[in-house]
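As you go down the protein sequences, you meet chains V and D in turn. Letter 79 of the first sequence, counting from 1, is numbered 79 in this note's numbering, and no numbers are missing. Letter 80 of the second sequence, counting from 1, is numbered 1080 in this note's numbering, and no numbers are missing.
Think of the hints as simulated: they come from the structure by calculation, not from any bench. Hints are not guaranteed to be accurate.
Listed next, the in silico DSSO-like pairs over lysine-lysine satisfying Cα-Cα at most 27 Å (straight line) [stated by the list, open to error]:
#	chain 1	residue 1	chain 2	residue 2
1	D	Lys1058	V	Lys40
2	D	Lys1068	V	Lys41
3	D	Lys1099	V	Lys22
4	D	Lys1099	V	Lys40
5	V	Lys41	D	Lys1071
6	V	Lys41	D	Lys1099
None of these values were measured; they are calculated from a predicted model.
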Amino acid sequence: ETGVTQTPRHLVMGMTNKKSLKCEQHLGHNAMYWYKQSAKKPLELMFVYNFKEQTENNSVPSRFSPECPNSSHLFLHLHTLQPEDSALYLCASSQEKGTGELFFGEGSRLTVL
Amino acid sequence: GENVEQHPSTLSVQEGDSAVIKCTYSDSASNYFPWYKQELGKRPQLIIDIRSNVGEKKDQRIAVTLNKTAKHFSLHITETQPEDSAVYFCAASTYGGFKTIFGAGTRLFVKA
Chain V
1 ETGVTQTPRH LVMGMTNKKS LKCEQHLGHN AMYWYKQSAK KPLELMFVYN FKEQTENNSV
61 PSRFSPECPN SSHLFLHLHT LQPEDSALYL CASSQEKGTG ELFFGEGSRL TVL
Chain D
1001 GENVEQHPST LSVQEGDSAV IKCTYSDSAS NYFPWYKQEL GKRPQLIIDI RSNVGEKKDQ
1061 RIAVTLNKTA KHFSLHITET QPEDSAVYFC AASTYGGFKT IFGAGTRLFV KA
């Protein structure tokens, strides 16, 4: 399989639940990203990892916890979320210092009840 | 902080007409300006990009212009077709950097 794959594609959770989003890229890239897309603020950068090291945290609340065990996998751990966290969460990857093009996954649609 | 403004938020054109989307950016260090297209229910995909050492770039029916002095860049789509209907995002970043800032998006409708 090629490209950027995200699972699950849809997730419904209560405010007290703990869940995780998973992203896997098969492009040989070294940088991975989490973006949040909602009607209020389309394509909002959350986290950036380069060679497994976090290089950017865009003032994201601690109820979102990223994990990058290797350059191909990225997780977003979710706990005690709020209804306003309902959104499409997009993972992306890019070369370390390449063209700058972001390759996005299909996204995980999260609904917090 | 860094900011990218995009206008209009919605654009409706007749098939065959041209469409223009405009963006401004605030970070003078930005030197890479990509444009992404997101069709309904799909992922955003890069359609064209421009670097700051170039004033204009064209790829078939789409072109992008950059005015670095004014911090403006624009997307031009000629001879629009219904399949051009989508949301278009401009963005700005530093080439080789990791922080890409997106505009709010323009929803383009092309009426047949």
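Structure-based check of each hint:
no.	hint	verdict
1	Lys1058/D - Lys40/V	violated, 32 Å
2	Lys1068/D - Lys41/V	holds, 26 Å
3	Lys1099/D - Lys22/V	holds, 21 Å
4	Lys1099/D - Lys40/V	holds, 20 Å
5	Lys41/V - Lys1071/D	holds, 22 Å
6	Lys41/V - Lys1099/D	holds, 16 Å
In the structure shown, a violation is registered for the earlier hint numbered 1 alone.
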